[in-house]
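Generate the whole structure from the sequences, applying the supplied hints.
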Amino acid sequence: MATQHSRSAARIMMAPAVILLLGWMLIPLTMTVVFSFKKYLPMRGGDLGWVGFENYARFVTSSSFWPAVATTLIVVGGVLLITVILGVLLALLLDQPMWGQGIVRLLVISPFFVMPTVSALVWKNMFMDPVNGIFAHLWKFFGAQPIEWLSNASVTSIVMIVSWQWLPFATLILLTAIQSLDSEQLEAAEMDGAKAVSRFGYIILPHLARAITIVVLIQTIFLLSIFAEIFVTTQGSFGTRTLTYLIYQRVLESQNVGLGSAGGVYAIILANIVALFLMRIVGKNLDT
Amino acid sequence: MGRITLDQVSKSFGEVEVIPPLDLTIDDGEFVVFVGPSGCGKSTLLRLIAGLEDVSSGEIRIDREPATHLPPSKRGLAMVFQSYALYPHMSVRKNIAFPMKMAGVPEDEQARKIADAATALNLTDYLDRRPGQLSGGQRQRVAIGRAIVREPAAFLFDEPLSNLDAALRVGMRLEISELHKRLATTMIYVTHDQVEAMTMADKIVVLRDGLIEQVGSPLDLYRAPRNLFVAGFIGSPRMNFVTGAGDRMGGAPTIGVRPEHIMASKESGPWKGTVGVSEHLGSDTFLHVHDTGLAETLTVRVGGEFDARHGDTVFLTPDDEKIHRFDADGSRIA
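Residue numbers (our numbering), protein chains in the order written: chain Z, 694 to 981; chain V, 58 to 391.
One should not assume that every hint holds.
Computed list of lysine-lysine pairs in BS3-like fashion (alpha-carbon distance at most 27 Å, straight line) [what the hints assert, rightly or not]:
| # | chain 1 | residue 1 | chain 2 | residue 2 |
| --- | --- | --- | --- | --- |
| 1 | V | Lys-260 | V | Lys-131 |
| 2 | V | Lys-158 | V | Lys-131 |
| 3 | V | Lys-260 | Z | Lys-888 |
| 4 | V | Lys-379 | V | Lys-260 |
| 5 | V | Lys-151 | V | Lys-131 |
| 6 | Z | Lys-888 | V | Lys-170 |
| 7 | V | Lys-131 | V | Lys-238 |
| 8 | V | Lys-151 | Z | Lys-888 |
| 9 | Z | Lys-888 | V | Lys-131 |
| 10 | V | Lys-151 | V | Lys-170 |
| 11 | V | Lys-260 | V | Lys-329 |
| 12 | Z | Lys-833 | Z | Lys-817 |
In short, the hints are calculated from the structure, not lab data.
Given below as structure tokens:
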């Protein structure tokens, strides 16, 4: 099979896909890097020439940079924490035999099928609206003053919305992991005198370690770039400006392509640091 | 110590009655083997005793104490599973320590018991490995080690050797028998392999469709099977069932003769047939004899030197002393 001839034939046949993918990645990346070294203001004079590292310096010294980094980390961390903890609990619950299991599982997964823009709008208008939202009615029912979610608890709101979207993903992965646990192991632990909590801590949780790492890894990659949820709710105000949103504002609202591109390069570096960090954890977990 | 009594115990899954009410007593220190074809309820019975399944009715007593509604961990029993059920993320040491850790045994006592168990089971060099790095036989020993350190009233084995290769199985069989002699603890052992049952048991319980067909020592079952099922199940190769053998029938519709109780000769004998396949084991040869007019095939054990080829004619002489007679419902006629 793997003769010299068939290998070179395989390379030729793979080439179009590889070239397309490389072009898809490399051209925007190169353009971003090029623009980041230029003063480029499309509506105010266009390309104004090379400026060296000025954009990079301006981006990090701007007063909104560190708050944006902090917001990004809070949102990513918060969503990860909520989805993993609730995901494990939901997966445990869904693993129990019950009537209508198929339908329940389908319903649990369904938020994942809703587009981010749509789900953010639904949350904004149906749940979090301070006058007509369901939460407002709930608070009023108990005689409390309704919370103005998106202005007074803005980051919490974003975390809630994004968690709701990603919880099905975490639940699904963790549920399949739980189902792959050998029931004889649990029975052995039961006979060894382990109570339900110990069985969870000593048998189920270690078994889930790998699945949890995978959930964390995949979600982090996607969560670093959440945009629609912020765009349709707070527009980056009330401290919800993440790094991604800051870059968007620099490029499109301030019409400063160079500055935004420099931010983009920072975002790439940040994502790679996180990825490297996670890969090492995953590597360690996948080892065993 | 470890006397287990089942009193009218039954088990149903929904509408299906897997085990109709049965009584059974297992004496302290006995090695009892539950044997039967797959789906006969032997594993379910073991799980009922272990407490992993709830009984539908009846009572289980362990050391005369009612244990029917005790959780598994309170029954003082230890179980070795078919898949070994070791905890893959823990080292061998931690696996063996787990039941003691759950019971709150002090650290130094844990260490001492682990060392004892490891020495007894030849695991000392492997204590810091993970189960995934061990061979099947070693995993089996870890599972037994985890059971031993609990010092249970009785050990329960659920087909523990079925995942091992043939050579290892014989070795582990001896080790488990040896362990039983040394610990003198009650052991209940489930298997579908009648050789394991015959070689290891003090007492065999033959099950079919959840019913106990016969209880007795291996030789009792071999010498006086109570019915056709037990007669066919115990003994290898299985007993020949013969119909229409004239005077030898003694009025019974079916008689049984074991392959080792038939003599073969080239010259003369009351039964005549043609040799089909002959299986040479070296020490013995098993002849499958056709066209006797008595049964489809008669299996006969002859010495390794007996020379018979496919198609040869042989004459067979059953040992009249060792013929088993069964009536029309398959029960033994004394």
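Status of each hint after checking the structure:
Of the pairs offered as hints, the one joining Lys-260(V) and Lys-131(V) holds, with about 26 Å between alpha carbons and a cut-off of 27 Å not exceeded. A hinted pair counts as satisfied when its Cα atoms are at most 27 Å apart, and Lys-158(V) with Lys-131(V) qualifies at roughly 15 Å. Using a Cα cut-off of 27 Å, the hinted pair Lys-260(V) and Lys-888(Z) is violated, with the two alpha carbons roughly 34 Å apart. For the hint pairing Lys-379(V) with Lys-260(V), the CA-to-CA distance comes to about 22 Å; that is within 27 Å, so the pair holds.
A C-alpha spacing of about 21 Å is found between Lys-151(V) and Lys-131(V), which places the hinted pair at or below 27 Å, so the restraint holds. Taken as a hint, the Lys-888(Z) and Lys-170(V) pair is honoured in the structure, with Cα atoms around 23 Å apart against an allowance of 27 Å. Restraint check for Lys-131(V) and Lys-238(V): satisfied, since their Cα atoms lie roughly 25 Å apart, inside the 27 Å limit. As the CA atoms of Lys-151(V) and Lys-888(Z) are separated by approximately 17 Å, the hinted pair is consistent with the 27 Å bound.
Distance hint between Lys-888(Z) and Lys-131(V) is fulfilled; the C-alpha atoms sit about 11 Å from each other, no more than 27 Å. Pair hint Lys-151(V) plus Lys-170(V) holds up; C-alpha atoms about 12 Å apart against a cutoff of 27 Å. Distance check on the hinted pair: Lys-260(V) and Lys-329(V) sit about 38 Å apart at the alpha-carbon level, beyond 27 Å; violated. A C-alpha spacing of about 18 Å is found between Lys-833(Z) and Lys-817(Z), which places the hinted pair at or below 27 Å, so the restraint holds.
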